[in-house]
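Protein chains in written order, with the numbering used here: chain V, 35 to 332; chain C, 881 to 1196; chain B, 526 to 863.
These are calculated hints, taken from the structure and not from any lab test. Backbone N, C-alpha and C fix where the C-beta goes; we use that ideal spot for every residue, glycine too. Each statement offered as a hint is correct.
Below, a list of computed lysine-lysine pairs in the DSS-like style, where the Cα atoms sit at most 27 Å apart:
| no. | chain 1 | residue 1 | chain 2 | residue 2 |
| --- | --- | --- | --- | --- |
| 1 | B | LYS601 | B | LYS701 |
| 2 | C | LYS1111 | B | LYS587 |
| 3 | B | LYS552 | B | LYS587 |
| 4 | C | LYS1115 | B | LYS657 |
| 5 | B | LYS587 | B | LYS701 |
| 6 | C | LYS1115 | B | LYS587 |
| 7 | C | LYS1192 | C | LYS1111 |
| 8 | B | LYS657 | C | LYS1111 |
| 9 | C | LYS1005 | B | LYS587 |
| 10 | B | LYS657 | C | LYS1192 |
The calculated label-pair distances, taken between Cβ atoms and stated as ranges, are:
| no. | chain 1 | residue 1 | chain 2 | residue 2 | range |
| --- | --- | --- | --- | --- | --- |
| 11 | C | LEU993 | V | PRO276 | 33 to 43 Å |
| 12 | B | ARG609 | C | LEU993 | 22 to 32 Å |
| 13 | B | ARG729 | C | SER1104 | 25 to 35 Å |
| 14 | B | ARG609 | C | LEU1020 | 34 to 44 Å |
| 15 | C | LEU1177 | V | VAL163 | 21 to 31 Å |
| 16 | C | ASP1093 | B | ALA838 | 35 to 45 Å |
| 17 | V | SER190 | C | LEU927 | 27 to 37 Å |
| 18 | V | THR246 | C | LEU1177 | 29 to 39 Å |
| 19 | V | PHE84 | C | HIS910 | 36 to 46 Å |
| 20 | V | PRO243 | C | LEU927 | 48 to 58 Å |
| 21 | V | PHE84 | C | ASP1093 | 53 to 63 Å |
| 22 | B | GLY545 | V | VAL308 | 38 to 48 Å |
| 23 | B | ASP599 | C | LEU1177 | 50 to 60 Å |
| 24 | B | GLU835 | C | SER1104 | 41 to 51 Å |
Here are some of the chain C residues that sit facing chain V, going by a computed Cβ distance under 10 Å:
| no. | residue |
| --- | --- |
| 25 | VAL899 |
| 26 | ILE1022 |
| 27 | ALA1024 |
| 28 | ILE1029 |
| 29 | VAL1034 |
| 30 | VAL1129 |
| 31 | ALA1152 |
| 32 | LEU1164 |
| 33 | LEU1165 |
| 34 | ALA1168 |
Single-letter residue listing:
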Amino acid sequence: MSAAIFPAPGTAAPAVPLPPPSSFFKRFCRNRTAMISAIILLLIVLTAIFAPYLAPHDPARSSLRNILKPPSAMYLLGSDDLGRDVLSRLIFASRLSLVASVQAVAIALALGLPLGLISGYAGGWADTVIMRCNDALMSFPALILAVVIVGLLGPSLTNAMTAIGLVYAPRIMRVVRGSTLSVREEVYIRAARALGCGDARIIAYHVLPNVTGPLVVQATVLMGQALLAEAGLSFLGLGTQPPQASWGAMLGTAFPYMAQSPVPTIASGLVISVTVLCFNLIGDGIRDSVGRMRRSGD
Amino acid sequence: MNTFRYITRRIISTVPMLVLVGLITFLLIHITPGDPAAVVAGENASLQAIEEARHRLGLDQPFLIQFWHWLWAVLHGDLGTSFTSGKPVTELIFDRLPITLSLTAGATLIGLLIAVPLGVFAATKRGSWLDRITIFGTSLGIAAPEFFIGLLLVLVVALEWGWLPATGYVPFAEDPVEWLARLTLPSVTLGLGVAAELARQVRGSMIDVLSRDYIQTARAKGLSTLSIIVKHGLKNAAIPVVTVLGLQVRRLLGGTVIVEQIFAMNGVGSLAVRAVFLRDLPVLLGVALTTAVVVLLVNLLVDMSYGYFDPKVRSA
Amino acid sequence: MAEPLLELRDLTVQFPSPNGWLTVVDKVSFSVGRNDIVCVVGESGSGKSVTMQAAVGLVQPKGGRVTGGSVRFDGKELVGMSNRDLNRVRGDEIGFIFQEPMSSLNPAYTVGEQIAEVVRRHRGASRADAWKRAVEMLDRVHIASAASRAREYPHQFSGGMRQRVMIAMAVACDPKLLIADEPSTALDVTIQARILELLRELQRESGMSVLFITHDLGVVADIARRVVVMYGAQVVESASADELFARPRHPYTAGLLAAMPQVALERGQDPVAIPGTVAQAHAWPGGCRFNPRCVYRQEGACTTVPVPLEPVAPGQDALVRCALAASLSDTLREAVAA
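Extracted from the complex, chain V is given alone in its bound form:
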């Protein structure tokens, strides 16, 4: 099993229609690691949704008497440099971090999916041009390109997520193109064309279902990557702007005070790591569940 989840450039992913939902979920559930990760992720999402009910304190309420206190009964994870409860802030920050990641992946999908379909389906010079531009875009280190785009647009969370979405769009494009390529030459596609089906119909009914499998895997992993990227940008102060806080921003504000009060730093970093790990493992699980279908079946 290779570490790289992204298929090598130019290779066509095998045409893998998503297996019938029942058997897919059955296989997925048998994968213990993936199931545990999914449950943990679900808990995190629920925490984000029910934040107001779960957070012990008001995350924005600062108390100058309680600056940088270590964990205690009142402040379970201690307090930050403005006397705010770290745990409450973490709980509310989950909303921002998760929504931001979804935004970024959505943008990447919105750009990558159509371009990938066109590139893979049309072929010819359109494909060559799009692929070359894709390759060129991927020559820029992801985080640097994101920083530059944020620099051009101005620091804000929305701009940061737009930047991340733009930076990750080529990856989605590659996966989609790969799946499309492998399906394009299938006999039933030619049959459909011979019957007079328009390209749009063919793409919608035949190509898209085949693309979904690898795309879902990629999108899941990308959620984790986007989370990391947002954390990075917010850590640098380029993403979430105060008074708002995402996990990355919390990490960034806690860091200068790490020597005196390490808990906020460790807590935010840990939360990010665990969430990203969950996304990765779920992505692995989905890929294995889809893959096994391919091997055992037809």
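Since the structure of chain V is provided, determine the placement of chains C and B on it from the hints.
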């Protein structure tokens, strides 16, 4: 003769990519909201001043001519002038490039030093506890944000134990020992992430290679186990590993942005971050272009190494 | 008789499988003399390749294990020898040639280097001397322009040429024994003949013994002096080549002879295939392992008790594993004489 032709061909095929990368960088200017000329002219500039700025920047000319002028300047080493400091961008970047490159090189080295032995071991002793730890550890390593590892390292190794300095950079020419000391923690921070990805790839590649027929031939020739693994095995396992290494270098260049902040190093990454707050567009674009060119060069090297590892490629 | 160069005695080898440990080589015994050419014949699945791989310690990396028996080579006991000591024997005193020349050479190193490294390893030669020897060997196996071709890579050689390179590698240190595991099976017929000719020539010149593993009786007829026939992980017959072809003692051997295209051609008939399929290691039939496919089989004698390997007649070297050997001997002789 074959090798020479192969190298030349690879170099030539890089040129179009360089041009495309330049084009994208040039196009980035235009995603700034508002009028670049107005930004350059500064706030509260008069309409006339803005027009002058536009003319000065050549923004009133057709697109391709603008691009050509810009490309021409870049080829002559002129990446523009910083809005804030007024210094040439090229100078700013190249002053800091050694720091970033040292960091990248250090991380790559650490990554290799950890990943190759670990991956080879895990491949030869499959199912052993070392193999299992490797698989588990690499999953964690791939998921954890590098800066988190960096922060933990600073906390423990630098602040708690006081073994290594937490900040700063000293040029090699000035004091080699200090240079090494200050480079260690940041390099390890980035290097662990590289090691995680690489170890997986090394393990997978070696498992595949060691099952091949020519390894059996090597055993039948009475060669030592070491020779079989290192000489016969590694060279054939190298190509996918080197490919991943190239991708990792690209990731490292991005990672330096954060690590330079954590360890207070004055590299290209922190230059870029500061430029964001100062809205210093030429610097940002200059950094983007420079790093992309570095990535393309690394890709070229990786490509050429294929010729060494796989003789079939040379005659293709 | 002088002590044999290689003597296998009751060698038993097992491999793991979904059904547990399978015995794929079952108490196999035979010997190879000095200046001898022995062919081990059998279908795929008979265990012939594994036997020789196990003899030189090559099954462990593949997950197999030797569970019993002895392999004496030139006075040394190979079973139980450490890998380090075996490494000194392999490549030096025992040369090995494998079946797939296309994949048995390392694609990343030149052909010359792969031969030279054996010489460096076992003779401690300098790089220059080893290279010279490599070129010499390429010449000896009749590769034209040996000096320049030594600097080329395996992918620049055809299948037949690669096999010659393998042979050059295997005999570079003048081994006492050369084990050839179906070296010409993957090559086309004309090349096959040339490879066999080359092996015969090398054997003549150096006096080394050759152990040839094959499923092709045509090859056996060509070069063997003695033959060992294997079926179902066991030796079922062993005799001199002349004896075997004139007077096979085991129905399986007779069947193989009848199935040879050359034989059928002589008789003006179609080749007669042996009915049935090879027995599986996890489900040997009761009694004689060949009995389900044997036209002479008798209920009771052939189906209940395992059949031992015994001399054809008291004091004879030839051996056979057949419950009905005595009564069948004339029948079989007539069957192949026709």
